[in-house]
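Produce the complete structure using the sequences and hints provided.
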Amino acid sequence: MKWSMDQEKAFLAAFDAYADALYRHGYFRVSDKERAQDLVSDTFARTWDYLAKGNVVEDFRPFLYRTLNHLIIDEYRKKRVESLDQLLDEQDVPESAFHELVEGSLEALELSLDAKRVPELLAEMPEGYREVVVLRYIDGLQPREIAEVLGESVNVVSVRIHRGMTWLQKRAVERGM
Amino acid sequence: MSNFEHSLKKATEAVRMDESDRSLMRERLVTYMEHKPLRIDMQEKASAVTGGFGFSFFRAHHLSGALIIALVTSTFGMTFAAADALPGDLLYSVKVDVNEEVLGAMLTSEERKLDWERERAERRLEEASQLAVEGRLDAERKQEVSRRFAQHTDAIVKKVHAVESTDPFLAAEVAGDLEVALDTHEAVLARLIVESEESERDEAKALVSEVRTVANKVMQISNDADERIGLSEDGQAVATAATMVSTDTDAGVTTGTASPLVREDAAYRIRERAEEQAQQADELVGKLGQTSDLRAQAEAQITSAREALARGVSLIEENNHGQAYRELRQASAIFQKVSRMVEAATLFNISILDETNTNEQPGERNSDNAQQSKLLERRDQVNTNLSEVRGLLLTHEGLPEDLVGRVNAFVKDAMAYVLRAEIAMVLEQYGEADRLLENAERVANNAEAVATQAVKSDDAVEADNSGIQEDSFVVPAVSTPTVPNVPPDLPRLDTVTVYHEYMDGVHTYSGVFYTPTPCFTLKADARVAKSLPEQVTLELTTSEEGTNCPFQIDRKAYSVQVTASGMAKFAGVEVNGETSKFELKEGPNTEIFEEPASIPVIRKTDAE
Chain L
1 MKWSMDQEKA FLAAFDAYAD ALYRHGYFRV SDKERAQDLV SDTFARTWDY
51 LAKGNVVEDF RPFLYRTLNH LIIDEYRKKR VESLDQLLDE QDVPESAFHE
101 LVEGSLEALE LSLDAKRVPE LLAEMPEGYR EVVVLRYIDG LQPREIAEVL
151 GESVNVVSVR IHRGMTWLQK RAVERGM
Chain X
1 MSNFEHSLKK ATEAVRMDES DRSLMRERLV TYMEHKPLRI DMQEKASAVT
51 GGFGFSFFRA HHLSGALIIA LVTSTFGMTF AAADALPGDL LYSVKVDVNE
101 EVLGAMLTSE ERKLDWERER AERRLEEASQ LAVEGRLDAE RKQEVSRRFA
151 QHTDAIVKKV HAVESTDPFL AAEVAGDLEV ALDTHEAVLA RLIVESEESE
201 RDEAKALVSE VRTVANKVMQ ISNDADERIG LSEDGQAVAT AATMVSTDTD
251 AGVTTGTASP LVREDAAYRI RERAEEQAQQ ADELVGKLGQ TSDLRAQAEA
301 QITSAREALA RGVSLIEENN HGQAYRELRQ ASAIFQKVSR MVEAATLFNI
351 SILDETNTNE QPGERNSDNA QQSKLLERRD QVNTNLSEVR GLLLTHEGLP
401 EDLVGRVNAF VKDAMAYVLR AEIAMVLEQY GEADRLLENA ERVANNAEAV
451 ATQAVKSDDA VEADNSGIQE DSFVVPAVST PTVPNVPPDL PRLDTVTVYH
501 EYMDGVHTYS GVFYTPTPCF TLKADARVAK SLPEQVTLEL TTSEEGTNCP
551 FQIDRKAYSV QVTASGMAKF AGVEVNGETS KFELKEGPNT EIFEEPASIP
601 VIRKTDAE
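Taken in order, these protein sequences are the chains called L and X. Under my numbering, the first residue of the first sequence carries the number 1, and numbering increases by one thereafter. Under my numbering, the first residue of the second sequence carries the number 1, and numbering increases by one thereafter.
Calculated directly from the structure, the hints in this document are not laboratory data. Fair warning: this is a prediction, and the values are worked out from it, not measured in the lab. The beta carbon of each residue, even a glycine, is placed where N, CA and C say it ideally should be. Any given hint could turn out to be false.
[Unchecked claim] Pairwise CB distance ranges, derived in the manner of DEER restraints: (1) X:523 x L:46: 47 to 55 Å; (2) L:120 x X:269: 46 to 54 Å; (3) X:14 x L:35: 12 to 20 Å; (4) L:38 x X:110: 21 to 29 Å; (5) L:35 x X:269: 56 to 64 Å; (6) L:9 x X:110: 45 to 53 Å; (7) L:70 x X:541: 48 to 56 Å.
Here it is in structure tokens:
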């Protein structure tokens, strides 16, 4: 009994702690408030399903992000918008580019974006990049955690972040931001 | 933190869920968790529950004690009862926002979606009735019901408007179904008011009046759709429409009716429906006790519907599809109504008065009260009059659609007044009952007058129809007595009468506009297109204030002045932005008012 009580409590505590962050993540991924809400709702329902089957979740945050991410990808698949694989050609990644991302230091980019236009830029971003950039900079996840969420290696994630940021920088310059 | 990170954070931190959405989501989640408990040993759970509930987080602030009990019992594996949840219950939002939404999302055809939406509207009213039976229809719950009911019916109205030009039959069918359904629910609620606690009557009454308002709106849609299908009362007119396109006395040609093919299709479709409904009604009635009054009433109705059905079928054989449609439509409506009434009566264990054929008198126990007997007498008189009017319409075929629609509207309104008067009588509010009966009498008299006149002057009718073409933008400059068959003091609810006077460069357009309840305010304005000659469009806007309003047609006077040349033409009337039928009369406003002080007069002295 105590075990299930703890699980229920922990689950609701996770809702209180992460619902807003997950919603924000969903919103920047799908650019639709209602869809984002549905996604968050589904995320928690799926997570509960998982618990109800007798499974245990040690750390809710990456688990929830992973679930949400699956749902978002499902949605993209349904819409057949674009293939993640096509977007990302990760053959020629310079290993040296990783450390700064892992450290979370991006001073080199030195962007001074107009805060109001960021969502606009994000919406235009290719999905494969947006996913990691949102996870990294809006949700504040470390590349290690993102790797866990996406089921990819830390290196792949770091490269994607790097490319995403380059894309963003280029686009920001084009726009004269 | 880098500038970029900072920018992003700043840009995005404003994005969050609304507090209310968030707590609603949490609430649903808790319900979901309850619905699907963690897999644990049943015995262990049982002991935990008896040992002081054990799951404290379920006792969050938003759950009342009674709901906790509901939760605990459902944890024990009892039926998950969302389907029976009523407004105010925890599971209600699961039922309505989850289960029903899911069901609705699975429907693909427009027809089934509309049907489902209607079913949902009805479910809300059933819930209200159930709450009233249980004595739980308080202000908050009533509001919840009203809000959702309005949502569903708005959705239907919107969808019907969307399909009415492409599939008028579907529009007629859906609107007709909803109309019958609303009539039934109105009667059920009204009956429950009589039996409910004093404290809850206001809520139920307000709901009845909302239902009536929607029912009227729907009736209008259903009539419009029928008009679109182009049903002619007279089978001959169908043939005429096809062969004599140029004749201007044929209303069918000028108002854009459907082709004979569509009409034929409509007749067959409604026949199929009516036959299905007959079967359903038979089945339901068969379950009633042999000797019950309800059964006797229902059977009488079924008999008259069967007669209409038989007439419709033989008319189809005669290739008179327009007329057949009308008969079958009527049969269908009666069958449907019988089924619903029987269902409702069984469900709520109440007797529902049938508006015309009843012998039951709710106030009989006080019949020694002279005042009440007098009121009952008057009520019976109204009912008799209404029966006569209906008889008149049934026995005289070939009356113009427009008039039949108007008479039906009067009959319905009168019946609504009678119903309300009966309620007032039972509540011993004799003053109110008296006032309502007065209205009923007035409206019933109108119905009778229009019907009698229509029957007498069948020939004059065609002139009437050609005088009020809907899309007519060129109005005869000289006054024409276009409605010879209607006494001038009767309200024409679907047509705005405009009196026009011109003096010294100023045009005055005035008249009376009828609103469904006194709670409406009316604004009048005019739009002048400056092409020469100027085109003047009268713009009337109504807005409803308050909901708990007696259902009583009200007259609002309007007057608008426009400066324009003497050649200016009157282009038309728009009511709430939609083109309305109108009748232009030259000369001073001759309509007389009892209460001139209450008439809002809006003047406009300068043209745009």
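For each hint, the structure was consulted:
no. : hint                      : result
1   : X:523 x L:46: 47 to 55 Å  : holds, 53 Å
2   : L:120 x X:269: 46 to 54 Å : holds, 52 Å
3   : X:14 x L:35: 12 to 20 Å   : holds, 19 Å
4   : L:38 x X:110: 21 to 29 Å  : holds, 24 Å
5   : L:35 x X:269: 56 to 64 Å  : violated, 39 Å
6   : L:9 x X:110: 45 to 53 Å   : holds, 47 Å
7   : L:70 x X:541: 48 to 56 Å  : holds, 51 Å
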